[in-house]
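Enquirer: Spelled out, the chains give:
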Amino acid sequence: MPIKSEPVEVNIGPQHPSTHGVFRMVAKIDGERIVDVKMIVGYLHRSMEKLAEERTFTQNIPFTDRMDYLAAMSGNLGYCLSVEKLAGVEVPERAQYLRVIFAELQRVASHCMATGAFINDCGAWQTPVMYAFRDREKVLDLFEMTCGARLTTNYMRIGGVAFDIPDEFLPALDRLINDDLPFRFEEYDQLLVGNEIIMMRARDVGMVSPEMAINASLSGPLLRSAGIAWDIRKADPYCVYDRMQFDIPVGYNGDAYDRMCIRIEEMKQSLRIIRQAVHDLPGGPHKTDVPLAIRPPAGEAYSRVESPKGELGFYVVSDGGPAPYRWHVRAPSLINLSVLREMTIGKSIADAIVTLGSIDINVGELDR
Amino acid sequence: MTMLLSLLTIVTDNWWDIRDLSNVSGAVLDIIDDLGGPAWLIYIVSALLGTLAIISFIGGVAIINIWVERRVVGRMQSRLGPNRLGPFGLLQPIADAIKLMQKEVLQPKSAPGLIFTLAPIMFTIPGIAMMAVLPWGRNMSLANVDVGILYILGLSSLGALAVFMAGYSSNNKYALFGSMRVIAMLVSYEIPIVLSLLGIVLFTGTMNPQGIVLFQEHYWSLMILLQPLAFIIYFFSVSAELNRTPADIAEAESEIVGGYHTEYSGMKFGLFYAAELINAVAVSAIISTLFLGGWWAYKLDEIVPGWMIYIGKIYTVYFVFVWTRGTLPRFRIDQLLAFAWKWLTPMALLNIVMVSAEVTIWEESGLSAGIVLPIYMVINTAAAGAIIYAFVRFLAPKFERFPTQLRFYSNIDVPSLPAVAAPPDRAKVSV
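Chains as they are written, first to last, in our numbering: chain A, 126 to 493; chain B, 42 to 472.
Bound conformation, chain B alone:
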């Protein structure tokens, strides 16, 4: 009887309303509560529901993004991209996956099996786990952790560890080069990443991703406008961490064949391939949470459900990642590391100094946010432009040794050649 009643509750409690996906899970939890389930059971069921949601989203994304990436890049390269299998080639990822599953899994004889097998799995985990702390709507995050940013930072460096495991255990020189490069890059690029996120933490006064979104909602100001410099630094640094061009030196196809995944085949390679897309989406989600307001979009979130806005923002950022990948050539490793140490790190430090001063002034002066924040937006945008210009002006490599333009010759001097010797005798040639 109670069972029926609770089912009725589901129907009446507008569970179908897509504006808030949490209604469904709320209804399920209510049923358990009505049935007299203990508190810990509700806790576990809610955790399982959230995990299921995130894993199914990530799984779907990994499948869909194969198509998205190939199609978008195809368009950028003035070709069509996959268009044969299913409508618009939408079934292409499934065919790819089936092909990869059918392939024989080869493993180098001298590779330590455990590490070799564990690496692709470990590479996939951080991208999924990062999504746990990100808010999908108001009150809609799997884990509302107060140190969410710390958690994200910790996980994002785990991927590089997995890459190192893969490269080291493959027992292949190219793979070793790839993993060496990854470690060098990890050491360099963690610093600007942490420093650029520190600016946000200082400004909002919280490490909770949900809290940062709420801050942006409360003051009606996107973080990308308040801290454009931090956004630029973070964007470039994560694209280096994600191994995407212009910083894909870890798998640099034209130099070291496949980098860390040279020796992988079959579904193990497929995991690497999917995890790369998953990580890209996870990082896009982080950027859209911290800099672009997450599920909040001024008045728009009153009409459109927050999770839709969020997915829209994620794919916008993801498109920019695909765009850079489709257009830019690759840096050399020393240039990339120099870029991290000489450009991004000092810029991030300047950003922190600026932000701390602004926070202090705001608190000391007691001015209302309505006056202070627009001023800060203008100042910070101008300062970001000025700092980037100054760095370009004074630090950019200069090639002024020789003139750069080509010379044009319409007539050339032909040196007079020594007189041509008489052709050798026919008989001599035949010897």
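Extracted from the complex, chain A is given alone in its bound form:
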């Protein structure tokens, strides 16, 4: 007698240990196989884009901290670039170099978090997260030294950066990027990249084909893992990235394992960029004087940066007033997440969790 069975609907999230926040997947499951996934977002919606229309351009910078709270500097930078483009503000050399240094430090911190959380989703019992946190803490210490905040930095300003670096910053940074972190990344290579269990869990899981990646307009490590060399820092250089020597790691298979390797490699490349930036760091002012209630001329501007998660774009429309007329954010988390359904169908629950971990979403940015 055949056993009658029917698919079960399981809510993965919004409260689940590994949905990285309040993201919800309604998975239809046949045994352990996923038949269908419905993605539901919006649990952390704070209507930032609408709130921004009632605040001045400078007052909007803290919103960008709270969008991708794991990469606040990148958000600050992207937003300030768009307003500067709109208002035609010149940024001094020193500020541009400082922006590069902090954006790359932020990339290291964010990728540490992403890698640790990803291995945690693979089932390692908190250890990699703790290791990654240890390295991230050191970067956050530098942020605290410079701007007083660790997570929501609010450091970039329209026309420069808020504060110049303190005297003890450069020696501390030198210790970090030359002694501490390279050793840690070697450790990551040994512990994670060559780990048989991680290979078994992450290889051929969460596959993205190049066509799929381009059709879904993915960006960041997700796009590069599919074998497409694309990085805003190279394709559309902002700040002083065109003066820096660095490589873009690109994968072959488009699976979760490639993404992890790419993140670890990108952290090493970030250190390379920081070394060059510190070497070339010019003197001079760290900020051009811009009125706090800046009134850019009527018009619109779109600028994009390579945030740790992908292409983070800011679209600002001004009507000549002190507040943006319309503000839109192209959040890489949201757009990268759109392929989750294609990546998980036919795989098991465990694979779905690994896939979600490898996309590295941030719900604060996802819902804004």
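Rather than coming from a laboratory, the hints here were simulated on the basis of the structure. We put the CB at the ideal spot given by N, CA and C, even for glycine.
Covered by chain B, according to a simulated footprint, are these stretches of chain A (three or more residues, beta-carbon under 8 Å):
#1 134-144
#2 254-261
#3 318-331
#4 358-364
#5 368-381
#6 471-479
Below, simulated PhoX-like cross-link-like pairs (lysine-lysine); rule was C-alpha separation at most 25 Å, straight line:
#7 Lys472/A x Lys129/A
#8 Lys412/A x Lys210/A
#9 Lys214/B x Lys144/B
#10 Lys214/B x Lys163/A
#11 Lys153/A x Lys472/A
#12 Lys210/A x Lys175/A
#13 Lys129/A x Lys214/B
#14 Lys263/A x Lys393/A
#15 Lys153/A x Lys163/A
#16 Lys150/B x Lys140/B
#17 Lys472/A x Lys383/B
#18 Lys214/B x Lys472/A
#19 Lys150/B x Lys214/B
#20 Lys163/A x Lys472/A
#21 Lys214/B x Lys153/A
The hints should help you fit chain B onto chain A, whose structure is shown.
Expert: For chain B alone, kept in the frame of chain A given last:
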């Protein structure tokens, strides 16, 4: 008068000597005998004494191991672990227990109450009951059962039944997944466990744990050296049965929240938590009895009391369990089952073939153990290495579809974009 005399006997009969804990119980039994107690009373009192000893040991272990596990794993994760409450945070487990007792016990409305309540209790029993047949020293086991290994095997699968009860009665999808996984794992991993222990039974010719320790003492050879392959198979299989990483798929926190104990709270959850530690200690005790010589340690047991050696060995094995838990990621369920069927079971069968041949040769040739056993140690260690290498070489998953290294690009081609259209009229945007 007799009462006083027997009390004197206790004092004179070096009852305080910690080298043999059984002196105490022996003295108590002697008093009963002197007082003219019937034989059955002595029997019952001795059983009660042994039970009391084991339960107090297990209870103590469950409390202490919470601290040990959290502290050791904390160190592995480059943090401190509990260090606030009492010296070195030693009072942390007590605070945990008090917190768990104070919590409200929630029970899903549609859960069958009896099964739901019984499951954590049933989960705790096997770990304690297993200790009954294990020897703590010479002549020092609660029950010197001749089929001790059979008893252990029977009890060790009872835990999975309790997990299934918990998962099924919780009426929760995650819990159901957990219990489904446990049953699949039980079916797969019982086989390598039984087969690997069969090798020991064949070699020693006894199923009595005390007898196996005596065999190792008699021939001066640890079982881990004689049968390293069986040890590896058994170690991995029990760590799967214990639900510890790399095989903790039954409660896989990152996938199915808490697995079978998702719906449990308060002291019922506390029982699950404690029973997990108890089972780990019980399994460590089994490993140290069967493979590491139990209370015997070459000449060491003449100086140090056997039960101390035994506890030392138990905690050594337990540390390895904590170590694997602190370092390894988890397998997926299909990989875990494939590992049991494709790797461990054939390996265990090969081990049995090897061991049977060795036993036969030993008996037929009539050579003395002094010559045969060292040769067997060398042969078996080499064979274990060769078999594991062969399995890794031919069965390990291969990912050779594409090159594995990353490519590096220092310059990328930027496709020329179509000409940007003129920005929309201000009035149009506002519509």
